Structure formats: structure tokens, C-alpha cells
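Quick note, the sequences are listed as chains F and H, same order.
The opening residue of the first sequence carries number 21 in the numbering used here; numbering runs sequentially from there.
The opening residue of the second sequence carries number 4 in the numbering used here; numbering runs sequentially from there.
Among the hints, erroneous ones may be present.
[Stated by the list, open to error] If you want the footprint, here are the derived chain F segments under chain H, 3+ residues with CB under 8 Å: (1) 139-152; (2) 210-216; (3) 316-328; (4) 344-355.
Just so you know, these hints were derived from the structure itself, not from any lab.
Treat the numbers as computed from the prediction; the structure is a model and nothing was measured.
Built from N, CA and C at the ideal position, the CB exists for glycine as well.
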Amino acid sequence: MSLTRRQFVALTAPAMVAFGSARPHFLANAAEQAKHNKQEKILVVVQMSGGNDGLNTVVPFNNEEYKKARPTLALSESEVLKIDDELGFHPAAKGFNDLLQENQLAVVQGVGYPNPNLSHFESMDIWHTCLRKSDNRPDGWLGRTVDSLQLQSKSDIPALHLGHRKQPYALVSRDYRIPSVKSLQQFRLELQQRESLNEIRNGVTADRPASSSLLNFVQTSTGTAIDVSQKLADVTKSYKTDVTYPETALGTELKTVAQLIDADLSTRIFYVEIEGFDTHSQQADAHAALLRQVGDAISSFTEDLNQHGHGDRVLTMCFSEFGRRVQENASKGTDHGRAAPLFLAGNQVNSGILGKQPSLNDLEQGDLKHHTDFRQVYATILQDWLKTPTDKILNGNFKPLDIIQS
Amino acid sequence: MNNLDPSWAWSTYRPEKDGWNRRIAAHLFRRAGFAASSERLDQAIAQQPDQVVHELVHVRSDSEEFRDELSALGNSILATANVKNLPAWWAYRFLTTNDPLLEKTTLFWHGHFATSGDKVTEASLMYKQNNILREHGLGSFHAMVHEISQDPAMLIYLDSITNRKAHPNENFARELMELFCLGEGQYTEEDIRELARCFTGWEIRNDRFRFNRYQHDTGEKSFLGKTGKFSGEEGVDIVLSEPSMGYFIVGKLVNFFVFDEPVPSRELIQPLAEQLHSNGGQIAPIIETILASNLFFSEHAIGRKLRSPVDFSVGFLRALNGSTDLYSLTNGLSELGQTPFFPPNVKGWDGGRTWINSSTLLARANLIRALLDRKETRFNQGSLEAMLDEYQLSSSEQIVDWWEELLLATTLPESVKTQLQEQIENGPGNQEQRLRDALHLFCTLPEFQLA
Numbered sequence: 021m022s023l024t025r026r027q028f029v030a031l032t033a034p035a036m037v038a039f040g041s042a043r044p045h046f047l048a049n050a051a052e053q054a055k056h057n058k059q060e061k062i063l064v065v066v067q068m069s070g071g072n073d074g075l076n077t078v079v080p081f082n083n084e085e086y087k088k089a090r091p092t093l094a095l096s097e098s099e100v101l102k103i104d105d106e107l108g109f110h111p112a113a114k115g116f117n118d119l120l121q122e123n124q125l126a127v128v129q130g131v132g133y134p135n136p137n138l139s140h141f142e143s144m145d146i147w148h149t150c151l152r153k154s155d156n157r158p159d160g161w162l163g164r165t166v167d168s169l170q171l172q173s174k175s176d177i178p179a180l181h182l183g184h185r186k187q188p189y190a191l192v193s194r195d196y197r198i199p200s201v202k203s204l205q206q207f208r209l210e211l212q213q214r215e216s217l218n219e220i221r222n223g224v225t226a227d228r229p230a231s232s233s234l235l236n237f238v239q240t241s242t243g244t245a246i247d248v249s250q251k252l253a254d255v256t257k258s259y260k261t262d263v264t265y266p267e268t269a270l271g272t273e274l275k276t277v278a279q280l281i282d283a284d285l286s287t288r289i290f291y292v293e294i295e296g297f298d299t300h301s302q303q304a305d306a307h308a309a310l311l312r313q314v315g316d317a318i319s320s321f322t323e324d325l326n327q328h329g330h331g332d333r334v335l336t337m338c339f340s341e342f343g344r345r346v347q348e349n350a351s352k353g354t355d356h357g358r359a360a361p362l363f364l365a366g367n368q369v370n371s372g373i374l375g376k377q378p379s380l381n382d383l384e385q386g387d388l389k390h391h392t393d394f395r396q397v398y399a400t401i402l403q404d405w406l407k408t409p410t411d412k413i414l415n416g417n418f419k420p421l422d423i424i425q426s
Numbered sequence: 004m005n006n007l008d009p010s011w012a013w014s015t016y017r018p019e020k021d022g023w024n025r026r027i028a029a030h031l032f033r034r035a036g037f038a039a040s041s042e043r044l045d046q047a048i049a050q051q052p053d054q055v056v057h058e059l060v061h062v063r064s065d066s067e068e069f070r071d072e073l074s075a076l077g078n079s080i081l082a083t084a085n086v087k088n089l090p091a092w093w094a095y096r097f098l099t100t101n102d103p104l105l106e107k108t109t110l111f112w113h114g115h116f117a118t119s120g121d122k123v124t125e126a127s128l129m130y131k132q133n134n135i136l137r138e139h140g141l142g143s144f145h146a147m148v149h150e151i152s153q154d155p156a157m158l159i160y161l162d163s164i165t166n167r168k169a170h171p172n173e174n175f176a177r178e179l180m181e182l183f184c185l186g187e188g189q190y191t192e193e194d195i196r197e198l199a200r201c202f203t204g205w206e207i208r209n210d211r212f213r214f215n216r217y218q219h220d221t222g223e224k225s226f227l228g229k230t231g232k233f234s235g236e237e238g239v240d241i242v243l244s245e246p247s248m249g250y251f252i253v254g255k256l257v258n259f260f261v262f263d264e265p266v267p268s269r270e271l272i273q274p275l276a277e278q279l280h281s282n283g284g285q286i287a288p289i290i291e292t293i294l295a296s297n298l299f300f301s302e303h304a305i306g307r308k309l310r311s312p313v314d315f316s317v318g319f320l321r322a323l324n325g326s327t328d329l330y331s332l333t334n335g336l337s338e339l340g341q342t343p344f345f346p347p348n349v350k351g352w353d354g355g356r357t358w359i360n361s362s363t364l365l366a367r368a369n370l371i372r373a374l375l376d377r378k379e380t381r382f383n384q385g386s387l388e389a390m391l392d393e394y395q396l397s398s399s400e401q402i403v404d405w406w407e408e409l410l411l412a413t414t415l416p417e418s419v420k421t422q423l424q425e426q427i428e429n430g431p432g433n434q435e436q437r438l439r440d441a442l443h444l445f446c447t448l449p450e451f452q453l454a
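Chain H on its own, in the form it takes in the complex:
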């Protein structure tokens, strides 16, 4: 996979006749968002793929009314002053937004600039950080890093609310280079010590950032090949100007949007890495190139990712126009190993194969079962049977094919399709129960774990 020709890989995908179909469109929406309904797929295939991608990246489709509603809901959560209520707020947004790529990208940055409500128990600070990530998520990486580096939630999370001249705390300087901008191995321990001196005097007081000039080390610092009496802001700029920044960020974006494995080669991502470096950190054009590319629509990408817990659960509901009780959803997410606002550590979620183990697999099956069993769960506002009728899917064969196209990145073995049809036709219980049990069976299949 790493021998791919970069110029082919990043060229815009021009589908052959019939190449752009519902199955391929479903792949795009699984990656660029949280899966899409049957109607959305039909809309998409009436356009060209690069048009669809362009709109996902550049057109903000959520109405002002919707955004106001989300803010009002956010404020009502903050009124509870309980950070544990925030995941349900975000889950609601995942489920209902018309800007799925913006939300997906915001989730990416949350995993990148990971900060947890386990330690930052002030809900308002976590919420404020979330807004920073959404505001800049498709904007300027540089602006985002500058804001994050003075963000109270982040500095509290990294034990960096005080930074004094004598023996500065190194933690923020280390994570800024290792996890946020450059990647492990792109700096020395000496660089960390010197960069940490730039951040002396940076403090959080009463949940606000402030600069304490009496504690700032005004002396000369030397790191990453630069020497001068740098301030903290200048320190951030020096880190951002390293060419390795482009490779690190683009590499992570490719693993997030295109394939879990392997880590993309330098050669493959070089054009995008250089673009990000030279365009001042503009994220949207990079993501647009990635999502509209030959590589993205190739066999190297389709089915080459594991569904994250959010993809798994929100995607299940969004594809089937499902709605449910948000708490059973967010509790389920925690069993699956991904509670938004509560990443496991500063490195965020590793993703890929680490999503999968015996406990999380059982929890995935159990979450679908619980969703199917809850009376609050509805499909197209009604029963599964009524929804399938609306789509005029009358035979069990049609139903299984429709699920396969809508919900899976790969095809199922014929024997399994027969087994599912058999379950729909002859399983125990009434028609609705048979359909729900078949859908549960469907979602326990290994193919359903692939994104």
C-alpha cells in the first residue's frame, strides 16, 4: 500500500460509468461523517463525488436555528455543572447535524488534542474547548494550536496551570511537540527543556489564561535549530514551522479518513504534507483532497478501517433514520471504549485494532441489542417493519441486500445472507421481532465492524 504512486493517489477520483453508486457513496459518508440514510445516498449519486465532497467540506448546512438549539441545549447542560452530561449533548449533535464532516473532524481534533472530563471536571471549560475545535476544525491548524496552548481545559489537563522560571514544568512543551505538532522522535530532550522555558509565566487563574511576566524566563532559548529570547507564542510558531508538522498531521488524517493500517509512507503523503506546511496550516483543502481522491475511493480504502464506537453506534442509527434515548447510547459508548469528552489519556484514542477486544466486541453486540429492545428506538419514526415497507422491500432477499448496501463496506458470504433471510422468514416471534433479531445478527457479523 505504501508503494502507491502519490500523483495517482491524490488525483481527483473520476468514476467510470456506474462506478459511483449507492455503495460507494455510503463509503464516503461513513468516513466523512457518521453514515448516511438511503435518501441521502440517492441525493449524492445524482451529483459527482468531488461535488459532494466539496459541499461537505465547504458548505455549512446546519441552520442557524439548529445551531441556536444546540447552544441552548449546551447551556442547559452547563447549568447542571456536571461534565458527565456533555457526552449526551455531543451524541445528539452527531445524530442530528447536517454538517457531518465538520462534526467528524471536530471529533478527530478532540482525539488529537485529547483532554478529559475525568480531570477537567469543570463542564464549561470542556465545552469551551469543544467549541474551539469545531471553530477551527476545518480552518487553520496554526490558529487552533495557538488557542489550544492557552486553553484552560488543556493546561489543567496537562498539569500546567503554573509555569515558573526556576525548574519549569516540561509537560506542555513535550506534548506540544510529541502529540500535537511533530510526533515522537522529531525533537530532543534538550529541545523540550528549552521550549518549556518559553512557557514560563503562562498560568491559569480562576479558569482563565494569564501571563505572569514576573515568572517568565526572558533569557535566550535554543531549540529546533533556532535561538532567541522567545516568548511562548513564538515558541509555538517555531514548532509549527517545522516541516515535520505537515507529515505528522497529514499522516494522522490519512489514518483517520482513509485506512487504519499501515502508517502512510513519507512518499505517499509528501504532496499533502508540503501543502499543509506551505499554506499556513489550512486544513480544509487537505481534507478535500483526501476525500475526493483516487486512493479514498479505491480498494486500499474501502473496508480498510474499523468502525470506532461512535461510527458504530451513531452510524447504525443515522443509516436507518433511527432515533433513541441518548443515555442508553452514551452509556453504551463508554462500554465500547469511546466516551466523547473522556479520552483515555493525552494521546487520545489509538483507534484501529485497539478498538477491538473481547469485551468491546460483546459490548458492541449488546449495545445493538439494547437499542433494538428499547421502546424509545424508532426507525423513520416507527417500527423497523413499517420502515422497510416504506422502502418497498418486500422479500427477505431484498431486505438483506438493502442492509448490505447501506450498512457494509464489503459484501457478505452467500451462506450468511441465506442465514439472515432464513431468520427473517422463519425465525421465532412476530415479523417485527424477526426483523430486529435478524438485524442484531447482522450487526454481530465481522463485516459490520468495518467502516
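Next up, chain F with everything else stripped away, as it sits in the complex:
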């Protein structure tokens, strides 16, 4: 490759040519989409990656231990959005507070699991698979959920991940390749007019007798990608909403989720992520910005769903892989911790604070102890919301919580 220095420097000029040229042309035939699944319940998972500081999200503002442990980060009674005499939301979590005021938010306190692992990656894998590293982990809890739901057809899109990161482990399924969609606009095969999609599909799907498991995985994934891109190309782009979403990645993704729910692709599970919660230093501003993004996006999303008549069939769960240390560190941040609150939003939840704030006087190596296992939350969602047996999915029997209105 020959390239003079001058050419190279020219290439580094700020004006860059965007990748790809043709814009997608969606076919506006939403009416043809079957509307048969209007009654099916839908789960939306919002993953807050990095370990959310639960103690500064749902704040025990009057607690002396809290004030002592957080000399620079503690939030005072006058700053928080008061929930009751003991607890208040971080002022930036206005979205959550609004949802609570409108009886659309359950805050599950003290969620965690026994022998907590404080590695981001291992703890996240535990939340995703309900298994430990020493176990065989071929799939994730939502992948197993998809496998257990009685789906009408294999060509459905049972679950969908929206985002630019790798696919969440939770969505790895034995029977399906769950699509990951970075954006609807880019989710298509760019072809020259001369080319035929069928030719490409035929090459991909041709029988491979001596296929290795890796090759088989790629083959089925490619087939799914082509099929799903065709299906999504038919989704209407004429989705209209009066709700103004925040102009954030999460806001945009949840708006797309609302659009896909409205298009009714029989998708039962949606997954989105927001990262940056690993606040080891200078936490205050970063954490406020993150809580604002999450709260505002979910509150807009919930409002949008209600406007389109889907509010009663969508449940949104926000979780993080762990909470953070009670004592702040010398970098004005917090290190990895254990128990933290989890949030469930929707019309059908028993709104309010569920369970006690874990004690700040009885810590485990400086961290809050959990009293509610995250798999109890999963059990609730599976049993009372998605209506599917829980034991095999969770690898054990976990007592559901009283979160879903009966």
C-alpha cells in the first residue's frame, strides 16, 4: 500500500466520509404486521454497567453512618427528592421520582446474592447466567426464558438487543440467535443492484455436512441476521410520538424499543445498556449525569408506551452488577460494593419501596449486605409477568416477590 505522508495527513482531516452511502428505504406496511400478540407481556431490561452507587441513588439522608462515610459525596435532606422521612432519590433521579409519584415504580431494596463477586465481569456474568464461573454456562437466563416460552413460530424475533456493544450473555439461547441491532438505519445488507439477496442467502444456508460447532454458530447467526434485517426493513418508520425523549443514546434506544413494541414483532424481551457507573474517582458529577440519563429516558419511555396503549403490557427492569462501598475513597469516588436497589417500572407494578434499606451498622467488609436475591426478582418476572416456569431458568427455587399487581 503506497501512501505519501501528505495523502495520509489529508486523510486525517476532520471531514470524514460517512460509512456507506445508500440510506435505507423502509417499506411502510405496518398494517400488514400481525396484531395477534397485543396481549403478550413484554420485558425491557436496562443494564446499568459498572456498579451503580445504590446508596447515592436511594439515599438514607438522615442516617448518621451515611453522613460519616460520605464526607464529600453525602446528599442532605434539602438536596434529595424525598420519598419518606428516611429515604430520598438523588436529585438527578427526577425521572425515577416522577414515576414513583405516578405509582409506576417499584424500588426493590438490598438486592444481591450470596458470596458476592466484586469483579465487574464475573458479577455481571452471575447476574446474566444465574451460575458461577465454576459451572458450565452455555446460555443466559433470558436465553433460557426464550427457549421456554411457547413461541408461535421459529421465525419470530423472540428477543432483541439494542446497542453497539457485544451481545449480553443473558440473551445467549440454545434454540435461537437473538439479534443485536445497533441502529435500525444500519441494520441491512448493502447490495449492488446487480446482486441478489437470495444468492447470498443460498450461499449462507447451503448444507454443510461436516460443519464444526463454530461454523454452525456463524451459519445460523448469518441466516438470522439476513432474515431479521428483512423483517425490520418492513417496520414502519412512520412511528409518531408526542413524547420528547432525552437526546441520549439510552433515550434513542428506548424510543426504538417503543417503536418496535408498537410494530408488534412478537418480541417479548428487549435489552439495552448504559455504562459508566464505575465511579472510582470524582463521582459526584458523573453519577448525577448517569442517573439523569436513566431516569429521564425511562420516564419518557413509560409515558410513550402509555400514549400508545402498551403501558399495561410492558415491565422495565433496571439493574447493575453490584453496588458500591459505603465509605467513599480518597479520590472522591467509591469502590466496588455489594447490595444495591433495583428498579422496576410499569403500570402493573406495586409501586413503592419494597424491603428495608440494608443496615449501615452491619456491613460485610465495608459493604451493604443483601437481603433479597436477584433471582427472586427474576422469579417474579418469570412467574407473574412472562408466565413461564422458573426453576430450570434460575437453576433453583427462588421465592417470588410481591411486585406485580395481581
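Add chain H to chain F, keeping to what the hints say.
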């Protein structure tokens, strides 16, 4: 696969007659670099495989002129002060270097000591770190860890630019053990807290490392079975002296160079892990053993990896003597999920099956289409048709066989080969268009995703 006999696995591969051919040589270059051209394969099979590996590991083939050119280009990038321009610089290096193994290994360490320009926005710091990884990439792991642990880019990335006596920030101590040296589960939370005390007083000021002795905790620390008034450097040495270091690093190298799955068993990697532990962390001999081994040239390795986005795109161009506009390449890489200098988090790219999902698969096909459609893309400085003529490939059958040998780790089903030949002979458009459309079709095949 984990029942393999380690002494067979790591013995030097001695090919049977005709066992060492262009197809097997192509496998070596896909793993030890970013694929090789037809000419390079012919050169390689004139030698023995262990000779080729020895030269890849030990002989630096990039001329001083080339390295000067790269430095000059690097400096011109730094003059833009925009970290987002660095990926194109590295892509250029991937495409043009004569030391592909060094570059591949540098990319491995970048994923291992992952640091992102998303947070470390100072381009010069990211560039400096990249040079550390290249300098030590085939040298001493211990020296590399010591440099990285005081590297401004790394400490900024890990929120560790201040470390004070009272309530030290644990982040660097945790990642040093979990992600850089030992692996999750090889230490306790208490070890992390104690090790973090060693690093108190380590600071980054004005983009430079400095030791603030007033903030250093001089007391006794106890971790990993050792007790003493350890400094930060001593803390790093104690971590490096753990036997689990060898298993962790060799395990990752085997998954990077040999197969994606499964995580190799302790028994399989024990000889190499002990070697790395006892030789003071010398990396080159380990990689040489791996690449020249029976295991590496066996069915357990060939076609048992998925192409990373860099392998996929750079390999496509290098195998076909291709050149293109670097920005369409690096933008494409981001769609595929691997922008050099911008790993997703401190754990780097997980690789393997996580490279593949519906969005990245469509993006892979679309990147090849875009490369084929761009007028800047050339093969052997010219058209695809002219290049294939130069290689005297006249029939569609020869062309498809040649692509298969050069570009694939496994063979194609006959029906697909027929389909490709049909496309070359009777597809729409002129000859160049038919060839490019056939090559696009070829690159959408599942086999092309395997490395």
C-alpha cells in the same frame, strides 16, 4: 480438546510429505499476523514451518526507513491532537508492516492492558502506551507490567491519578490482579485492599507519573501470603511472582493464537505456564513454541477461531495485496466492533463468539461491499481482473479454488463453489463487476468468518 497430551501438543510440528503447503502456511499467517499474499505463501513453503515461525518471532524485518516513516506519521497524527485519528495510523501499520507477528502481539497486549481513547483523550498518551506495548510485546512481560503500572494513560483510564494514604482507591490493585496478571479468583478482596496500600502516593501530574512520598502508606502490608512494608514496585513484583501468572497469560495466548474454545486446561498449558514463570516472563519463547507446535498445525486449531474485525478486514486486503482509503477501513472497523485504541472496557475485547451478532455480521458484509465499491481500493495496484490475470487464473474454477486456498481455513461445499463459479461466469455486469460481486458473495459465507 482438553484431553490432549501436552508433550505432543507443544512438540515442534514436523510435517509429513506435502503436509506443509500453501493452505497450512496461510493458516500460520492468519494467526501470526494478518494473513499473507500468494507470494508470501510461496516463500514460506520453501522453508520449514519452524524456520518461518522462528523468523516471525525473532527477526525484525521492518526497515529503519519504514519505522521512521511510521514515527513521522504518528507525529503528524499527534499534531492534530485528536485521539480519533490514531486508529487510521495503526490500520496503516497493520496493512504495511513486514513484522506482522510483532504487530499482532501488540494488538493482543492492547486488548490485555485495555485503555481507551474514549476516556484518555490525550492522543500522545495513548500513542506512548502503544509504543510500550510494541517495545515489550515480544520481550519481558514483567518489564511491560512495571511500565504499564506507571503509565499515565493506564492510570487515567483506571481513575487512579491520585492514591492517598487514607482510604486508597482500589481500582488499579484489583485490575492488576484480575485482568493483567492472575485472573479472577486468584486473590481475595483482602489482598486487593492491602495491595492498594502499596500504590498510595502514586500519582499522575501533568501527564507524568510521580511518587508522592507524603501520601505513601509506609506501614506493613500483607497479601498473597507475603508480609512487609512493600512499595508499589514491590507490590507489582509480588503479584508477578505468583505461579498463577503463567497459567493466566499462557491461557490467554493460547485462546488468542490457537483456538477460541474452550479455555485450555491447566494440564495442557502447564509446561508453558511454568516456563513463563521460571524464565522471568520472557514472551517470545512461549509464542514461538505455540506457533511451531503440533497443536497449532492440527485440526484442533485450524478453523477454530473467528476472525476478529481487524483480522477480517486487514486480512482481506493483505491476502489480496489490497490497498484502500484508511478512513473507510477504520470506520468499518468500528461498525464491526473493534476500533484499535478504543476497546470497550478494561477487559478488552472478549473475542470468539462475541465478535459475531446480527449487526456485526451485516456490517462485515457491508464493509467488504464498501471496500469493493470504492475507487481507492486496488489489488496489486490495479483491478481484481488484472490481478487474477497476473496469477494466470483463467477459469472460474481456478479463481474460486485460489480464493479458497488463500482466504479460507476450511473448504467450501461443492454446491457453493459451483454457485460462485456461476456468478463469475454468468452474473450480471462486466467481468470486473462479476468478479467483485463473486468476491463479495464469497466473503459473506460463514467459512470466511473463521480464521
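**Request:** Just pull the numbers of the violated hints for me, sorted ascending.
**Result:** 3
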